[in-house]
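S.K.: Sequence lines, in order, name chains A and B.
If you're matching positions, the first sequence starts at 1 in my numbering and goes up one per residue.
If you're matching positions, the second sequence starts at 1 in my numbering and goes up one per residue.
These are calculated hints, taken from the structure and not from any lab test.
Take the hints with a grain of salt, since some may be wrong.
[Said to hold, decoys possible] Every beta carbon over 12 Å from chain A, so not counted as near; a handful from chain B, in silico:
| id | residue |
| --- | --- |
| 1 | T33 |
| 2 | L55 |
| 3 | T101 |
| 4 | N149 |
[Unchecked claim] Which bits of chain A does chain B cover? Going by a derived footprint, with three or more residues having C-beta under 8 Å, they are:
| id | stretch |
| --- | --- |
| 5 | 162-176 |
| 6 | 267-281 |
The beta carbon of each residue, even a glycine, is placed where N, CA and C say it ideally should be.
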Amino acid sequence: MSDDTQSGAYTFAYLDEQTKRMIRRAILKALAIPGYQVPFASREMPMPYGWGTGGVQVTAACLTPEDRLKVIDQGADDTTNAVSIRRFFQRTAGVATTEATMDATIIQTRHRIPETPLTEGQILVYQVPIPEPLRFLEPRETETRKMHELEEYGLMHVKLYEDIARHGQIATSYAYPVKVEGHYVMDPSPIPKFDNPKLSGNPATQLFGAGREQRIYALPPWTDVVSLDFDDHPFETSKAPHDCDLCGAKDSYLDEVITDDEGGRMFVCSDTDFCAGRRAEGHEGRLGGDQKSSKTFANSFEGIWPATAGAR
Amino acid sequence: MIADALTGGFTDAPLQSARAFREILEALARPGTIRQVSGARPPPPLSTAAGVVLLVLADPTTGVHLAGAADRPAVRDWIAFHLGAPLVRAEQADFAVGTWTALHPVTRFRIGRPDYPDRSATLIVECDRLVNHGPALTGPGIETATWLNLPETAAFRANHGLFPLGFDTVFTAGDRLSGLPRTTRVEKI
Ligand SMILES: [Zn+2]
Numbered sequence: 001m002s003d004d005t006q007s008g009a010y011t012f013a014y015l016d017e018q019t020k021r022m023i024r025r026a027i028l029k030a031l032a033i034p035g036y037q038v039p040f041a042s043r044e045m046p047m048p049y050g051w052g053t054g055g056v057q058v059t060a061a062c063l064t065p066e067d068r069l070k071v072i073d074q075g076a077d078d079t080t081n082a083v084s085i086r087r088f089f090q091r092t093a094g095v096a097t098t099e100a101t102m103d104a105t106i107i108q109t110r111h112r113i114p115e116t117p118l119t120e121g122q123i124l125v126y127q128v129p130i131p132e133p134l135r136f137l138e139p140r141e142t143e144t145r146k147m148h149e150l151e152e153y154g155l156m157h158v159k160l161y162e163d164i165a166r167h168g169q170i171a172t173s174y175a176y177p178v179k180v181e182g183h184y185v186m187d188p189s190p191i192p193k194f195d196n197p198k199l200s201g202n203p204a205t206q207l208f209g210a211g212r213e214q215r216i217y218a219l220p221p222w223t224d225v226v227s228l229d230f231d232d233h234p235f236e237t238s239k240a241p242h243d244c245d246l247c248g249a250k251d252s253y254l255d256e257v258i259t260d261d262e263g264g265r266m267f268v269c270s271d272t273d274f275c276a277g278r279r280a281e282g283h284e285g286r287l288g289g290d291q292k293s294s295k296t297f298a299n300s301f302e303g304i305w306p307a308t309a310g311a312r
Numbered sequence: 001m002i003a004d005a006l007t008g009g010f011t012d013a014p015l016q017s018a019r020a021f022r023e024i025l026e027a028l029a030r031p032g033t034i035r036q037v038s039g040a041r042p043p044p045p046l047s048t049a050a051g052v053v054l055l056v057l058a059d060p061t062t063g064v065h066l067a068g069a070a071d072r073p074a075v076r077d078w079i080a081f082h083l084g085a086p087l088v089r090a091e092q093a094d095f096a097v098g099t100w101t102a103l104h105p106v107t108r109f110r111i112g113r114p115d116y117p118d119r120s121a122t123l124i125v126e127c128d129r130l131v132n133h134g135p136a137l138t139g140p141g142i143e144t145a146t147w148l149n150l151p152e153t154a155a156f157r158a159n160h161g162l163f164p165l166g167f168d169t170v171f172t173a174g175d176r177l178s179g180l181p182r183t184t185r186v187e188k189i
């Protein structure tokens with residue numbers, strides 16, 4: 001091991017020290033201004049943008065050799081994306097990895113918050129594609145900054161209310177906007193709104209990284225986070241009206257999985273570690289617990305997830 | 001002087017800065033918790049913790065202000081060699097180091113702009129000791145309440161009142177540090 005870091009001869013977790021200092025400064029300011037998007041100079045990473053380069057840079061800046069890293073993609077530990085990121089940090093940081101939520105010290109996630117409650121000292125790093133919740137209402141960055149500054153969030157409410165007028169309810173089911181500590185409106189990344197209540201009062205530190213858009217934002221532990229709603233249409237979570245077919249869980253977020261060409265289908269926990277843990281404890285769903293894990297199913301049908309997302 | 005300046009930095013920067021940053025992150029994510037850091041031996045009067053914070057966060061792109069007794073040749077040389085950070089006036093500082101008295105008046109420091117509240121100073125306040133006893137702290141990062149021996153309350157209450165603007169503070173004593181971001185509500189005493 002060399003101490004010759006000035007020349008960049010030796011790095012920990014891929015990024016050079018100067019880049020990590022810049023990202024670390026951004027993370028600390030993000031923690032000091034919860035929900036506010038701090039700009040940072042995103043670096044080229046050895047993976048395409050859609051693969052969570054923002055989350056990867058945040059994780060790289062936070063990792064220590066003592067960490068146990070868990071990486072999930074839509075709740076699953078073994079999709080191609082999750083496996084690649086986990087291997088990347090095994091290779092560049094020599095860090096231990098785990099699939100167990102409760103054993104992990106840092107969890108990088110795409111599109112889910114684990115079912116197992118997080119604890120103090122854990123860090124949840126979200127991969128974020130579009131950090132600006134007002135972007136689809138106002139394309140100009142100078143204008144959205146002004147809207148955040150003046151807390152001018154009327155347009156956002158109008159958009160949600162149009163949903164109600166059109167569909168009789170708020171149709172937004174992913175990336176459902178939240179207000180942080182009564183000030184900034186924030187995009188929680190494309191998690192299902194089922195997960196929104198877990199954003200608030202969470203004992204873990206939540207960090208959000210957007211690589212292409214070059215933004216970092218954060219929720220310190222125990223931060224107050226409220227999903228936007230209306231007096232006559234309060235925020236409601238939603239999930240498929242089923243129990244998990246493998247572990248029988250009634251209260252977990254489910255993926256619908258097509259099982260054959262004849263339209264056979266099953267509902268399984270999106271959180272594979274949660275489902276496997278329940279089955280190991282002896283819980284059993286409609287299709288029993290003997291042969292396959294939800295992971296195996298989820299993996300086989302990875303490609304069709306986006307197509308089934310609307311069914312929830 | 002020069003010999004002093006060349007020593008006391010991290011000997012294994014990637015690992016030492018990673019471990020130290022995590023402690024600083026925990027300190028600012030959970031205000032009032034007291035963390036321990038190691039790896040820096042800056043010249044006096046800088047504490048180990050103040051040296052660690054500078055090594056982890058400051059570099060040629062950030063202005064550092066040395067206040068009071070911290071502003072002496074050995075410290076300036078150490079910062080020049082290990083950080084390459086420009087020394088600046090209080091009004092321009094990204095990081096300012098000194099005792100609470102030396103940093104006064106703290107209204108000099110940058111509090112960010114309404115559209116960029118992150119462009120604000122971080123104060124590194126050197127203290128004799130840190131204990132979880134004193135005014136009550138509440139707010140993000142704190143489940144119910146915690147306590148910390150702040151050097152005063154009025155300035156931090158005023159700073160919190162500027163939210164989302166404001167400076168952020170790291171208290172340092174020996175190898176210990178604790179954080180007080182602008183979000184923290186400080187009990188009036
Ligand atoms: Zn299940």
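S.K.: Give a verdict on every hint.
M.R.: Hints, verified against the model:
no., hint, verdict
1, T33, "violated (10 Å)"
2, L55, "violated (9 Å)"
3, T101, "holds (24 Å)"
4, N149, "holds (21 Å)"
5, 162-176, "violated (count 0)"
6, 267-281, "violated (count 0)"
In summary, the structure is inconsistent with hints 1, 2, 5, 6 from the numbered list given earlier, while agreeing with the others.
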